[in-house]
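Add chain S to chain B, keeping to what the hints say.
Chain by chain, the residues run as shown.
Number of protein chains: 2
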Amino acid sequence: MTDNRKWVLARRPAAEPSVADFRLEVTPLPQQLAPGEVLVRTKFLSLDPYMRWRMNDAKSYARPVALGEVMVGTTVGEVLRSESADYAPGDLVVGAGGWQEYAVLPVAGLRKLDAAAAPLPTALGSLGMPGFTAYAGLMKIGQPKAGETVVVAAATGSVGAMVGQLARLQGCRTVAIAGGAEKCAYALETLKFDAALDHRDPALAEKLAAACPQGIDVYFENVGGKVWDAVIPLLNDFARIPVCGLISQYNLGNAADGATPMTALMRDVLVKRLLLRGFIVTDFVEYRDEFLRYATPLVADGTLQVREDIVDGMENTPEAFIGLLAGRNFGKLIVRFA
Amino acid sequence: MTDNRKWVLARRPAAEPSVADFRLEVTPLPQQLAPGEVLVRTKFLSLDPYMRWRMNDAKSYARPVALGEVMVGTTVGEVLRSESADYAPGDLVVGAGGWQEYAVLPVAGLRKLDAAAAPLPTALGSLGMPGFTAYAGLMKIGQPKAGETVVVAAATGSVGAMVGQLARLQGCRTVAIAGGAEKCAYALETLKFDAALDHRDPALAEKLAAACPQGIDVYFENVGGKVWDAVIPLLNDFARIPVCGLISQYNLGNAADGATPMTALMRDVLVKRLLLRGFIVTDFVEYRDEFLRYATPLVADGTLQVREDIVDGMENTPEAFIGLLAGRNFGKLIVRFA
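Just so you know, the protein sequences line up as chains B and S, in that order. Residue 165 in our numbering sits at position 165 of the first sequence; the count goes up by one each step and never skips. Residue 324 in our numbering sits at position 324 of the second sequence; the count goes up by one each step and never skips.
If we strip away everything but chain B, and leave its shape as in the complex, we get:
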């Protein structure tokens, strides 16, 4: 008979959390498991930035942790008891155990680990959620091509480290942004980034420009704030920006507190998984025949209408154009020449 020690959320921080926002509680271990549940003893707990948002009482992509509730988190643990035919005591699993020594978990959310295939902590890092986040964001959204320049913020973090290494394996020039000389050295020497910059450097914008002589094709955003500001002017046409985190913003508290329109937009891009994509029609020239096949009969039979605002006389062209910018036209503005 053992007690379970757990960290619960004691109060919601307004900005930076403090230790007093958490409370260590001791409760008896549950004796009863429902069918399909296992009792898991935590061996490793992953700590991740997203947890900061879960401490706010704000709508996000996951519900907030309630006051008095155990803090959420992914864990590697060992099964002690099982009410599932698929799991036996001694099995190693990764799952949502939270900040506690023991967790009762439904097996539906678990994945078994083979300790011989890779060290257990990698299930929380390079082969876990951070590694897969890097892979999905870089490969499926960023779509890096050989020779392109990929910039990674928080580049020695678990996501950023994987992004940089995966991009290098795709043949890209990789530029790390990290906090301090030690992390920058690690990014260059161990992670093999082509360049590494300290985000605390007052000359970050200039140094980033110098490190990206061909501009930036992919910026993997997991920081926000001033790094994003430095990146914007260097982005190439058709650059891709997977937005997977905004750690510099998390301590701003709820969305409305201290947020500029820009930080609010970026938060929405992240939380709502928005897609923004600029375009001009010539980017899609391969679809023009498809469009004309579809639309010509619909224009001919009146299903699709565009009102025409026809101005007679080429001498009236500038005035008509100025009216267009002021919204004075009504329909497609066309000048009819004599």
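Any given hint could turn out to be false.
A pair holds if it fits inside one copy or across any two, identical chains being indistinguishable in the list.
[What the hints assert, rightly or not] Simulated crosslink set (DSSO-like; lysine-lysine; CA at most 27 Å straight-line):
1) K145 with K43
2) K140 with K272
3) K272 with K207
4) K272 with K192
5) K43 with K192
In short, the hints are calculated from the structure, not lab data.
Positioned in the frame of chain B, the structure of chain S alone reads:
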């Protein structure tokens, strides 16, 4: 022997253009055509918002019009003389004739028109660049699904009108934003939008929320400014925002003049055709096996490394987490339990 009347750019406007920014010039018609060129007499000239940007001396997706140079524009015209076997006098063509009565054009940039298939002005509207812009942005980026809500700014303009009608044909709820009662009535009655709102209405944000009880799934952006501000809070998860124009911003002049960080970002999204897309890793769960197959051997052989920052003792969890948010960890932060 005829003269050619043309509107050239006389000076670059700082904000709203005036008639004095253009100059009507009369020049003799060129007598010589090079091989592959035709002489075209303009019948219709399309006027479009993008022309405003071409008047600025700023990098955009097309080079600026030079001072003294004829203003650019798409025209429908009739071939008068031809040095191409593919074009004969009397052929009707659409091309980049510009703001002038006659143009010498290389045939590579021309498309022949059949006056019997559709009225000639439609080649500049519903079946021209605006119609195709609507189709490409809505169908290829917006990807509307039946039952979704599509909001269109400048909804009675040639692009917006096509967007709304195409979205209705896809089974979407369509909401128009237009300037004034007459345009709103036209949007409802002729274009068959489900709702229409006047962007000048001080209660635009509240009325837009009421018109979109299920939120917004696609916002076709061609205006910018306050309409965008009203749209942002209503966007649903995974909303798509094709950005094809920012007419409310064009008179701001060069990028740096009067631009906020937000307007500067949106201008870059448009001009550079950027893709922004928020994500969380669970959105890509179908790729997890692909990731593990790819990454596991690369982690095992050391090609992919993620440094682990392991903190011993569950009692240190909150302090470790607070350090994570402050950037004090170095590598994937993991708590090792006893």
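At most 27 Å between CA atoms: does that hold for K43 and K192 within a copy, between copies, both, or neither? neither (31 Å within a copy, 61 Å between copies)
For K272 and K192, with the copy left unspecified, which applies at a CA distance of at most 27 Å: within, between, both, or neither? neither (33 Å within a copy, 29 Å between copies)
Reference check for the pair K145 and K43, CA-CA at most 27 Å: within, between, both, or neither? neither (39 Å within a copy, 45 Å between copies)
First find the shortest C-alpha distance between K140 and K272 inside one copy, then the shortest across copies, and answer within, between, both or neither for a cut-off of 27 Å. both (18 Å within a copy, 20 Å between copies)
Between K272 and K207, at a C-alpha cutoff of 27 Å, which is it: within one copy, between copies, both, or neither? between (33 Å within a copy, 22 Å between copies)
Violated hints for the displayed structure, listed by number in ascending order: 1, 4 and 5.
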